[in-house]
Amino acid sequence: MIPERTFEVITAGFGHVGSASNNKVPTHTDSLGASMKPDKDEVTFFVRESLSQQVLANLEENGRATVFTGVASHEAYQFKGHFLEARELTEDELQASSKNRTYFIEVMSEMGLPRPAVERLFGVAPDIGITIKIEEIFVQTPGPDAGSKLPF
Amino acid sequence: MNSTKEDNVENNEQESLLDRKIREVELIKEVSTQVNKTLDINLIANTMLALMDEHFGFKHSMILILDDSKEHLNVLATYGYDKDGVGAKVKVGVGVIGMVAKRKKLMRMANMRMQMSYMQAVKKEVVKSNSEKIKETVTLPGLENVESQVAIPMQLDDELVGVFSVESKELNVFDKEDELIITILANQTASALQHANLYKLEQERLAELNTAHTELADLNLNLEKKVEERTAELVELSKKLAKYFSPQVYDSIFSGKLDVTIKTQRKQLTIFFSDLQGFTELTERLEPEVLTELLTNYLTEMSKIATKWGGTIDKFIGDAMLVFFGDPSSNGSKEDAKNCVAMADEMLEKLNEIRKDWLDRGVSKTLNARMGVHSAVCTVGNFGSQDRLDYTVIGNGVNLASRLESNSEANKILISEDTYLLVNEEFECKERDTISVKGFSYPVKTYEIIGKRSSIVAVNQPLHEEMPGFSFNYNPSELSDSDRAIKLMSDVLKRLEKQKKFNKS
Amino acid sequence: MIQEEHLPAMQGMFPSTFSTCSNEGEPNTTVISQVWYVDEEHVALSFQFFSKTRKNIAENPFGYVSITNPTTMDMYGLEIEFVRSETDGDLFDDMDMKLQAIASMSGMEDVFELKAADIYKVHKIMNIPI
Numbered sequence: 001m002i003p004e005r006t007f008e009v010i011t012a013g014f015g016h017v018g019s020a021s022n023n024k025v026p027t028h029t030d031s032l033g034a035s036m037k038p039d040k041d042e043v044t045f046f047v048r049e050s051l052s053q054q055v056l057a058n059l060e061e062n063g064r065a066t067v068f069t070g071v072a073s074h075e076a077y078q079f080k081g082h083f084l085e086a087r088e089l090t091e092d093e094l095q096a097s098s099k100n101r102t103y104f105i106e107v108m109s110e111m112g113l114p115r116p117a118v119e120r121l122f123g124v125a126p127d128i129g130i131t132i133k134i135e136e137i138f139v140q141t142p143g144p145d146a147g148s149k150l151p152f
Numbered sequence: 001m002n003s004t005k006e007d008n009v010e011n012n013e014q015e016s017l018l019d020r021k022i023r024e025v026e027l028i029k030e031v032s033t034q035v036n037k038t039l040d041i042n043l044i045a046n047t048m049l050a051l052m053d054e055h056f057g058f059k060h061s062m063i064l065i066l067d068d069s070k071e072h073l074n075v076l077a078t079y080g081y082d083k084d085g086v087g088a089k090v091k092v093g094v095g096v097i098g099m100v101a102k103r104k105k106l107m108r109m110a111n112m113r114m115q116m117s118y119m120q121a122v123k124k125e126v127v128k129s130n131s132e133k134i135k136e137t138v139t140l141p142g143l144e145n146v147e148s149q150v151a152i153p154m155q156l157d158d159e160l161v162g163v164f165s166v167e168s169k170e171l172n173v174f175d176k177e178d179e180l181i182i183t184i185l186a187n188q189t190a191s192a193l194q195h196a197n198l199y200k201l202e203q204e205r206l207a208e209l210n211t212a213h214t215e216l217a218d219l220n221l222n223l224e225k226k227v228e229e230r231t232a233e234l235v236e237l238s239k240k241l242a243k244y245f246s247p248q249v250y251d252s253i254f255s256g257k258l259d260v261t262i263k264t265q266r267k268q269l270t271i272f273f274s275d276l277q278g279f280t281e282l283t284e285r286l287e288p289e290v291l292t293e294l295l296t297n298y299l300t301e302m303s304k305i306a307t308k309w310g311g312t313i314d315k316f317i318g319d320a321m322l323v324f325f326g327d328p329s330s331n332g333s334k335e336d337a338k339n340c341v342a343m344a345d346e347m348l349e350k351l352n353e354i355r356k357d358w359l360d361r362g363v364s365k366t367l368n369a370r371m372g373v374h375s376a377v378c379t380v381g382n383f384g385s386q387d388r389l390d391y392t393v394i395g396n397g398v399n400l401a402s403r404l405e406s407n408s409e410a411n412k413i414l415i416s417e418d419t420y421l422l423v424n425e426e427f428e429c430k431e432r433d434t435i436s437v438k439g440f441s442y443p444v445k446t447y448e449i450i451g452k453r454s455s456i457v458a459v460n461q462p463l464h465e466e467m468p469g470f471s472f473n474y475n476p477s478e479l480s481d482s483d484r485a486i487k488l489m490s491d492v493l494k495r496l497e498k499q500k501k502f503n504k505s
Numbered sequence: 001m002i003q004e005e006h007l008p009a010m011q012g013m014f015p016s017t018f019s020t021c022s023n024e025g026e027p028n029t030t031v032i033s034q035v036w037y038v039d040e041e042h043v044a045l046s047f048q049f050f051s052k053t054r055k056n057i058a059e060n061p062f063g064y065v066s067i068t069n070p071t072t073m074d075m076y077g078l079e080i081e082f083v084r085s086e087t088d089g090d091l092f093d094d095m096d097m098k099l100q101a102i103a104s105m106s107g108m109e110d111v112f113e114l115k116a117a118d119i120y121k122v123h124k125i126m127n128i129p130i
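Residue numbers (my numbering), protein chains in the order written: chain A, 1 to 152; chain B, 1 to 505; chain C, 1 to 130.
These are calculated hints, taken from the structure and not from any lab test. One thing to keep in mind: the hints can contain errors.
[Said to hold, decoys possible] Cross-link-like lysine-lysine pairs, in silico, DSS-like; alpha carbons within 25 angstroms at most:
no. : chain 1 : residue 1 : chain 2 : residue 2
1   : A       : K80       : C       : K55
2   : C       : K52       : B       : K128
3   : C       : K124      : A       : K24
4   : C       : K121      : A       : K24
5   : C       : K52       : A       : K149
6   : B       : K123      : A       : K149
7   : C       : K115      : B       : K123
8   : C       : K52       : A       : K133
9   : B       : K135      : C       : K115
10  : A       : K80       : C       : K52
11  : B       : K128      : C       : K115
12  : C       : K115      : B       : K104
13  : B       : K124      : A       : K149
14  : B       : K133      : C       : K52
15  : B       : K133      : C       : K115
16  : B       : K445      : B       : K267
17  : A       : K133      : C       : K115
18  : A       : K149      : B       : K128
19  : B       : K123      : B       : K70
20  : A       : K24       : A       : K133
21  : B       : K102      : C       : K115
22  : B       : K123      : C       : K52
23  : C       : K115      : B       : K105
24  : B       : K243      : B       : K308
25  : C       : K124      : A       : K149
26  : C       : K55       : A       : K37
[What the hints assert, rightly or not] One side only, chain A facing chain C, incomplete, derived with CB under 7 angstroms:
no. : residue
27  : H28
28  : K99
29  : Y103
[Said to hold, decoys possible] Take a look, some chain A residues computed to stay more than 12 angstroms from chain C by CB distance:
no. : residue
30  : D39
31  : K80
32  : P151
Every residue, glycine too, gets a C-beta built ideally from N, C-alpha and C.
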């Protein structure tokens with residue numbers, strides 16, 4: 001059961017899905033939203049297929065996955081687990097992602113980053129979901145607790 | 001050769017870049033000229049900041065100067081801030097400006113808010129467990145919610161003078177170009193400020209010198225005045241003291257001839273003692289004021305005479321006097337002795353006058369003086385304790401003089417043989433009884449002064465007098481029978497007196 | 001390798017993502033504030049706290065870092081390999097100055113301490129065609 005305190009970050013956060021080849025060369029891709037089945041310890045991260053080729057290949061190869069997700073307040077977690085599947089996104093998921101991305105655009109623009117550029121970065125919708133079975137969760141919120149394991 | 005559209009575009013870009021560069025250099029020149037026109041520190045700083053907005057669009061800027069402690073920077077001038085901020089302090093090592101000062105390296109910040117918010121997030125966590133590691137948050141002068149900043153160290157000869165800071169609320173608004181411009185202008189400012197500072201120091205130094213001169217002149221004036229005052233005081237004091245010394249001793253002290261130490265020497269002196277017979281009785285009978293007046297009058301007159309003849313008045317003891325001749329200065333033992341006797345003689349004459357005065361004032365008691373003079377080698381000089389000196393004379397000779405005085409008849413001067421041998425030439429003397437004196441193994445011969453011989457010399461002068469019924473002619477050199485002349489004079493005198501009586505009845 | 005166009009992405013304007021891998025093949029992904037430009041072939045990351053990331057690098061020097069140009073939002077991916085740690089020099093000073101300037105404003109100068117500037121060789125730099 002994924003702890004409730006991480007829900008906000010999972011669903012509203014800006015994440016990065018990391019993997020490594022069998023030669024231990026790491027890589028990652030950005031995720032713009034996620035859906036979850038907390039009682040099944042499953043989280044599906046929304047990514048763009050064209051930018052995730054290497055990640056997908058690695059996941060197929062050894063299934064080891066890690067995802068760093070955080071929100072503007074700097075609350076963040078790292079989810080470690082193994083790759084279940086890559087699938088198409090549902091309507092709901094696409095809508096959720098769209099909502100997220102709109103929010104990011106606003107926040108980034110507020111911060112002063114040039115809106116057109118921000119829209120370019122977050123404007124394109126993700127097209128696939130990478131589902132991970134979560135095995136470990138680490139707190140990544142900056143501070144002395146960073147790196148500590150979250151029991152679940 | 002074909003020039004393509006792309007080439008043209010690139011050329012235009014190059015040109016505009018060059019134009020920009022030229023313009024920047026011109027502006028920098030213009031700014032520095034303006035700033036160097038003045039030697040006023042504040043004007044320099046404020047002019048620079050205003051020009052930086054006018055020519056380069058830097059809307060919020062400030063200049064800070066390192067203070068003497070080298071631990072803080074003070075805001076000298078600001079431009080584009082709500083609050084003046086002048087005088088605000090920044091600690092070296094704190095914040096962007098503080099770190100630039102500490103490391104003497106420029107810093108360009110592009111997104112401070114994001115970095116600050118990350119810092120705050122961590123702080124929130126740290127506070128929960130490790131709060132002792134957290135120091136106080138400081139309020140620094142500058143923009144609230146600043147995003148971009150360029151801070152430049154102002155240096156002169158590797159010494160940090162201060163920091164030049166430009167801020168903006170916009171994200172990532174300064175580039176390398178801006179860094180360069182601000183660096184150039186910052187160094188110009190440092191240079192101009194130093195000139196102004198040196199000028200200021202020079203002015204201050206001049207002012208200090210002027211003040212010092214004035215103070216010195218005042219001091220000199222005061223010193224002279226003080227010296228005058230002090231000298232006047234001392235003169236007054238010494239005048240008062242003079243009354244306690246014989247004039248000769250006093251002069252000797254002041255001339256430096258007489259050293260003020262316990263020092264004595266043996267010298268040939270003539271000693272004089274005198275007192276008033278019957279004076280003590282008077283002290284019982286008279287009012288103190290009258291007595292004092294009489295005594296003062298007497299002693300004053302006697303002192304004048306003593307001083308006139310060059311005697312050193314040793315002391316007064318009531319009506320008694322001790323005077324000596326031969327010290328501090330001497331005219332030779334003969335002259336000293338003659339002067340002493342002459343003095344005594346004149347004193348007796350004066351006493352006659354004083355006696356008449358006192359009679360007129362109701363003092364019926366006749367006052368008679370007794371005087372004694374002796375010449376001998378005595379010990380004279382400063383006697384006494386370390387702190388209290390008395391200039392006086394001691395010895396057997398002094399004792400003899402005193403005994404002579406007490407043996408003298410009223411209004412007479414009794415002298416010793418030693419004195420007689422010295423004064424006999426000038427004064428007629430009559431031998432008197434010998435007296436025995438303690439300290440003398442043999443009885444001492446004494447003589448009484450009759451009078452100055454010069455009064456007797458007049459006797460040898462011829463005398464001639466003529467009037468109706470009487471004429472007189474006396475020529476000592478022709479007269480042989482002086483006895484017959486004396487008898488004749490005596491008979492004539494008797495007949496004149498008888499006739500006078502007969503005429504009256 | 002590193003070009004003029006990449007430089008704006010190395011100012012810490014936008015956070016970067018850094019992935020490493022342990023000797024056992026376990027990947028780790030984290031977000032860092034800045035990738036520093038050293039020269040055409042090298043970048044540097046600041047080492048402040050001991051972390052899983054650093055442990056991985058010690059075991060396996062290969063890493064992957066993505067950087068973003070804050071003006072255009074262009075993204076680049078760099079394949080990097082750890083070379084050495086520097087505890088002094090200009091780069092270390094610059095990193096430290098920046099860290100201290102911000103930290104001291106919140107009274108956090110004793111919490112944040114720059115332990116080293118880690119130098120990485122850049123093997124490959126590629127566009128991420130967003």
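How the hints compare with the structure:
For a cut-off of 25 angstroms, the pair hint linking A:K80 to C:K55 stands: about 17 angstroms separates their Cα positions. Distance hint between C:K52 and B:K128 is fulfilled; the C-alpha atoms sit about 23 angstroms from each other, no more than 25 angstroms. Between C:K124 and A:K24 the alpha-carbon distance is near 16 angstroms, which keeps this suggested pair within the 25 angstroms criterion. As the CA atoms of C:K121 and A:K24 are separated by approximately 17 angstroms, the hinted pair is consistent with the 25 angstroms bound.
Distance check on the hinted pair: C:K52 and A:K149 sit about 12 angstroms apart at the alpha-carbon level, within 25 angstroms; holds. Using a Cα cut-off of 25 angstroms, the hinted pair B:K123 and A:K149 holds, with the two alpha carbons roughly 20 angstroms apart. Restraint check for C:K115 and B:K123: satisfied, since their Cα atoms lie roughly 19 angstroms apart, inside the 25 angstroms limit. Between the alpha carbons of C:K52 and A:K133 the distance comes to roughly 21 angstroms, so the proposed pair stays at or under 25 angstroms and holds.
Between B:K135 and C:K115, the direct Cα distance comes to roughly 20 angstroms. Compliance with the 25 angstroms bound is thereby established for this hinted pair. Taking the CA atoms of A:K80 and C:K52, the gap is near 13 angstroms; set against the 25 angstroms cutoff, the hint holds. Note on B:K128 and C:K115: the hinted pairing holds, with a Cα-Cα distance of about 24 angstroms set against a maximum of 25 angstroms. Pair hint C:K115 plus B:K104 holds up; C-alpha atoms about 21 angstroms apart against a cutoff of 25 angstroms.
Simply put, B:K124 and A:K149 have alpha-carbon atoms about 19 angstroms apart, close enough for the 25 angstroms limit, and the pair holds. Annotation: proposed proximity of B:K133 to C:K52 holds, straight-line Cα distance about 24 angstroms (limit 25 angstroms). A hinted pair counts as satisfied when its Cα atoms are at most 25 angstroms apart, and B:K133 with C:K115 qualifies at roughly 17 angstroms. Proposed proximity of B:K445 and B:K267 is supported: the alpha carbons are some 22 angstroms apart, at most 25 angstroms.
Using a Cα cut-off of 25 angstroms, the hinted pair A:K133 and C:K115 is violated, with the two alpha carbons roughly 36 angstroms apart. Among the hinted pairs, A:K149 with B:K128 is consistent with the structure: their alpha-carbon atoms are about 18 angstroms apart, no more than 25 angstroms. The straight-line distance between the Cα atoms of B:K123 and B:K70 is roughly 30 angstroms, outside the 25 angstroms bound, and the hint therefore fails. For the hint linking A:K24 to A:K133, the alpha-carbon distance of about 21 angstroms falls within 25 angstroms, and the restraint holds.
Restraint check for B:K102 and C:K115: the C-alpha separation of about 19 angstroms stays at or below 25 angstroms, so the hint holds. Under the criterion of a C-alpha separation no larger than 25 angstroms, the hint pairing B:K123 with C:K52 is consistent with the structure, at around 21 angstroms. Proximity of C:K115 to B:K105 is assessed by CA-CA distance (about 20 angstroms); at most 25 angstroms being required, the pair is judged to hold. Under the criterion of a C-alpha separation no larger than 25 angstroms, the hint pairing B:K243 with B:K308 is consistent with the structure, at around 16 angstroms.
Of the supplied pair hints, the one linking C:K124 and A:K149 is violated, its CA atoms being roughly 34 angstroms apart against a limit of 25 angstroms. In summary, the hint linking C:K55 to A:K37 is not supported, as the alpha carbons are separated by about 32 angstroms, beyond the 25 angstroms threshold. Here the hint on A:H28 is kept, as its CB sits about 5 angstroms from the closest CB of chain C, short of 7 angstroms. This hint is violated: A:K99 has a C-beta 20 angstroms from the nearest C-beta of chain C, more than the 7 angstroms allowed.
With 7 angstroms as the threshold, the beta carbon of A:Y103 stays out of range of chain C, its nearest partner Cβ sitting at about 16 angstroms, so the hint is violated. Chain C leaves A:D39 outside its interface by the beta-carbon criterion, the shortest separation being 25 angstroms against a cut-off of 12 angstroms. Listed as outside the interface, A:K80 is inconsistent with that label: its C-beta sits roughly 7 angstroms from the nearest C-beta of chain C, within the 12 angstroms cut-off. With a least CB separation of 18 angstroms from chain C, A:P151 remains clear of the 12 angstroms interface cut-off, as annotated.
Comparing the model with each numbered hint stated earlier shows that hints 17, 19, 25, 26, 28, 29 and 31 do not hold.
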